[in-house]
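Undergrad: Spelled out, the chains give:
Number of protein chains: 2
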Amino acid sequence: MLDQQLLQALEQVVGEAGLVRDEQRLQSYLSDWRNAYRGKAALVVRPASTEQVAAVVRLCREAGVALVPQGGNTGLCGGSIPDDSGTQVVLSLTRMTQIRDVDAGNETITVEAGVLLQRLQEAAAEAGRLFPLSLGAEGSCTVGGNLATNAGGTAVLRYGNMRDLALGLEVVLPDGRIWNGLRGLRKDNTGYDLKHLFIGSEGTLGIITAAVLKLYPAIRSRTTAWVALPSSQAAVDLIGRMRALCGDRLTGFELMSRQSVEFVLRHVAGCGELFAEPHPWYVLIELSDTLPDSPLAEMLESGLGAAFEEGEALDAVVAGSEAQVAALWKLREGISEAQNHEGPSLKHDISVPVSRIPAFIAQADERLQQAFPGVRIVCYGHVGDGNLHYNISKPLGSEDAPFKAQAEAIMHLIYDVTAAFAGSISAEHGIGQAKREAASRYKDPLELELMRSLKQTLDPTGLMNPGKVL
Amino acid sequence: MLDQQLLQALEQVVGEAGLVRDEQRLQSYLSDWRNAYRGKAALVVRPASTEQVAAVVRLCREAGVALVPQGGNTGLCGGSIPDDSGTQVVLSLTRMTQIRDVDAGNETITVEAGVLLQRLQEAAAEAGRLFPLSLGAEGSCTVGGNLATNAGGTAVLRYGNMRDLALGLEVVLPDGRIWNGLRGLRKDNTGYDLKHLFIGSEGTLGIITAAVLKLYPAIRSRTTAWVALPSSQAAVDLIGRMRALCGDRLTGFELMSRQSVEFVLRHVAGCGELFAEPHPWYVLIELSDTLPDSPLAEMLESGLGAAFEEGEALDAVVAGSEAQVAALWKLREGISEAQNHEGPSLKHDISVPVSRIPAFIAQADERLQQAFPGVRIVCYGHVGDGNLHYNISKPLGSEDAPFKAQAEAIMHLIYDVTAAFAGSISAEHGIGQAKREAASRYKDPLELELMRSLKQTLDPTGLMNPGKVL
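Here the protein sequences come in this chain order: A and B. Numbered per UniProt numbering, the first sequence spans residues 1 to 470. Numbered per UniProt numbering, the second sequence spans residues 1 to 470.
Don't read these hints as lab results, they were simulated from the structure. Computed from a predicted model, the values in this text were never measured in an experiment. Some hints could be false.
If several chains are the same, the list does not tell them apart, and a pair holds so long as it fits within one copy or across any two.
As the list claims (entries may be wrong) - Calculated pairs, DMTMM-like style, for lysine to aspartate or glutamate (alpha carbon to alpha carbon, straight line, at most 25 Å):
#  : residue 1 : residue 2
1  : LYS443    : ASP164
2  : LYS443    : ASP103
3  : LYS443    : ASP459
4  : LYS347    : ASP416
5  : LYS404    : GLU16
6  : LYS347    : ASP365
7  : LYS443    : GLU122
8  : LYS404    : GLU337
9  : LYS330    : GLU399
10 : LYS443    : GLU408
11 : LYS404    : ASP175
12 : LYS404    : ASP101
13 : LYS404    : GLU309
14 : LYS330    : GLU51
Chain A on its own, in the form it takes in the complex (with noise of 0.2 Å):
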């Protein structure tokens, strides 16, 4: 499908190692890890420095071969998967894993695109530091795609996303030049920040080959609490409530109502009941911090002990072993497994500011409720950042393929009023291929403008990751 002078002209950038072509191994490549998305490919390239992925992208361009910058492929919304023509190049960062830089004196580290987000954590914890960025795929996703698609997670509450936490950038530009931003400055007021504009655009505009990151201070006491509610206004009180009382000691507080948790209990081998009778909601809190001997029992007590004379919350399992914070965490994060084992599931990534989460839930379930009766309402998701996965099951003991044909005509509804609430149908999976058609429909025209112009301005000749954000 190649024109054979490039492939023979990319082989010599990037060696025959460097190049996957057989059938059989390719096909990592041209799916997801959930294989939600396939599409084909004219070559995978697995450059193993910037300057070959610099000679790849120039090369690419001369031919007007378009690329599809790829990581640990394990996004949601399909941005780093080619479409169906063929004539697509993958250009996989994974063969980028060096740890260039850990210095400890600027709180920072310096790593390539193709580290594993897990194996920056360690690095970060084998220098006594704390590299706070945490999702279900650590293990698979690598740096550059966090970055690309400026990935969040259950610690954002705390420590932002992941864009919060870059310093510097090194990206190799649509025209084949590098372009070294990486400094691990705190401060440059230099004129306008660039590393911005690549971060969270999926490699529309350029491929991100390494980065300086900050670190922040090792956690050394964890106290993590599972609280049942009556509402979920009584997360959003509670959570303030928190917050005020325990600052930046409040690391995490996710939602779950109780059908996503009877999920988990039905599915999820080794979860159990935490309470002699169900509540509507619950949520875990997450207290953290740098003493040793923090008193973070106490204050969670103090938080909760109000809560519970104003009726915010109904009662608490604090866990007393890390094989118990292990376990709340299971019932968290078992959730999205759960929901599979009963039918098909539409998942949506929604987010409104934090105040209007009651606002939101109400009304996009009275909604949904009055059009689509019966369907099961599978919420949850993460109180400080306004950011719920607000997913749908099909109605008890329905079939699958009518629910299937209502799934447009259910995320219409459920983002027209997350629109109405001025929020955001992409709160932390991205755009990809997944949410371009919906992006255009629900983001404001002349945002959408002022990004075609800028990546018409980055990226002219539209080669870089082609039919996806735009």
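Fit chain B to the given chain A structure using the hints.
TA: Relative to chain A, chain B alone:
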């Protein structure tokens, strides 16, 4: 000077109260507060709403008239001062002073560009929250200016720059259209992050008219200390130690050389020596917490005790009252004013990686004393940000004129050393007109080219604050 038709059209938009033409009243808009930069203007326009700003921008664009957006006029690089042509129109945002919304549940506040930083801090406090940005000019500077210049200050160590405090913006684009990006969302991954393009662009890409900003929990305990150190390396070691121990409770860590403190002792009334003998370096340490009775003094003692043992710290005073806290900060904040009493001073606002501060100081000091014997180095700054105000006063007893004639050579020497340590020639003050040439000399040409292409894309007629930044 201005076309009568345009003048009438502008008056129709903003009313008589929104125009300043009187020579006397014009003066304060034509010069910054230090009177370091002075320009001329055809007119000052003071719109009172976003729609009025948009209409002014449209009218000026049609007439081909350049606009200079202006806030509190407290910038240090002349970014808000018009040129000498007398053809530019100053667009002052100081009538846009509405606090549009305080959403305590979302921990956000929405304010217009003309709101004073101090007023914003007060509004946050009234809501039981903290707005953390803090800098010398806070009583006069505006939120719009803080955003346009990505302001820094003394709280960046813990809370980041102004960029990190903004969730959403409202911007009047160079063509007069209004981009409403006033989203109060912690997570929104639906495309390129446009707000970061406008923040720090000093009005050259558009005019920021309002913003959604983050609020933080109120601070309820605070401990402040003044510590004598043997070296700047000790400051870097000590901040690492305190950060590992206290985490985010470490909210201030300001470095001062003995020379800096001596100037304050000599020129600022009410400041006295704190220790029996002089020491080469001092740091002001501030710990703070959301807990009302946080054991900060014990933590400080524990950290300093270890530092004394390691020889990192030589002596310390812990403030025992609010008056003593104020006295310590006065010693720190008096430096800039004190230096003015020692004749002309050359001010530089550089940053390097934190770990390289000692080597930077050693090399810059040595090269300066070799090249310009006798100059007095007034070095102070924010250790956690790697940000030094590395200022120079003339040799004792020398004339002003020969020293002033060396200003550019001294600046280049300091910037050369900064560049050698991968630093920034403008850490927090921006570029404005003051550092435009230096930026073109010290920034990566590729980065300048990218900046120029973004400017061309967003402001093709070049009428937004021409002659600034680029």
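Undergrad: For each hint, tell me whether it holds in the structure or not.
TA: Now the hints, each set against the structure:
1. Both within a single protomer and between protomers do LYS443 and ASP164 lie at most 25 Å apart by alpha-carbon distance, with minima of 23 Å and 23 Å respectively.
2. Taking CA atoms no more than 25 Å apart as the test, LYS443 paired with ASP103 passes between copies only; the shortest distance there is 23 Å, against 40 Å inside one copy.
3. When the C-alpha separation of LYS443 and ASP459 is checked against a cutoff of 25 Å, the pair qualifies both within a copy, at 22 Å, and between copies, at 22 Å.
4. Proximity of LYS347 to ASP416 under the C-alpha cut-off of 25 Å is restricted to the intra-copy arrangement: shortest distance 15 Å within a copy versus 53 Å between copies.
5. Proximity of LYS404 and GLU16 under a CA criterion of 25 Å is satisfied in neither setting, with 44 Å inside one chain copy and 62 Å between copies.
6. In the homo-oligomer, the alpha carbons of LYS347 and ASP365 lie at most 25 Å apart inside one protomer (15 Å), although the nearest pairing across protomers, at 60 Å, exceeds that limit.
7. Taking the shortest alpha-carbon separations for LYS443 and GLU122, neither the intra-copy value of 38 Å nor the inter-copy value of 34 Å comes in at or below 25 Å.
8. In this assembly of identical chains, LYS404 and GLU337 lie within 25 Å of each other by CA distance solely inside one copy; the values are 19 Å within and 70 Å between copies.
9. Taking the shortest Cα distances, LYS330 and GLU399 never come within 25 Å of each other, neither inside one copy (30 Å) nor across copies (73 Å).
10. For the homomeric pair LYS443 and GLU408, the shortest alpha-carbon distance inside one copy (17 Å) is at most 25 Å, but the shortest distance between copies (49 Å) is not.
11. Proximity of LYS404 to ASP175 under the C-alpha cut-off of 25 Å is found in neither arrangement, the shortest distances being 42 Å within a copy and 45 Å between copies.
12. With identical chains, the CA atoms of LYS404 and ASP101 are never at most 25 Å apart, being 49 Å at best within one copy and 41 Å at best between copies.
13. Taking the shortest Cα distances, LYS404 and GLU309 never come within 25 Å of each other, neither inside one copy (45 Å) nor across copies (69 Å).
14. In this assembly of identical chains, the alpha carbons of LYS330 and GLU51 never lie at most 25 Å apart, being 42 Å within a copy and 51 Å across copies at closest.
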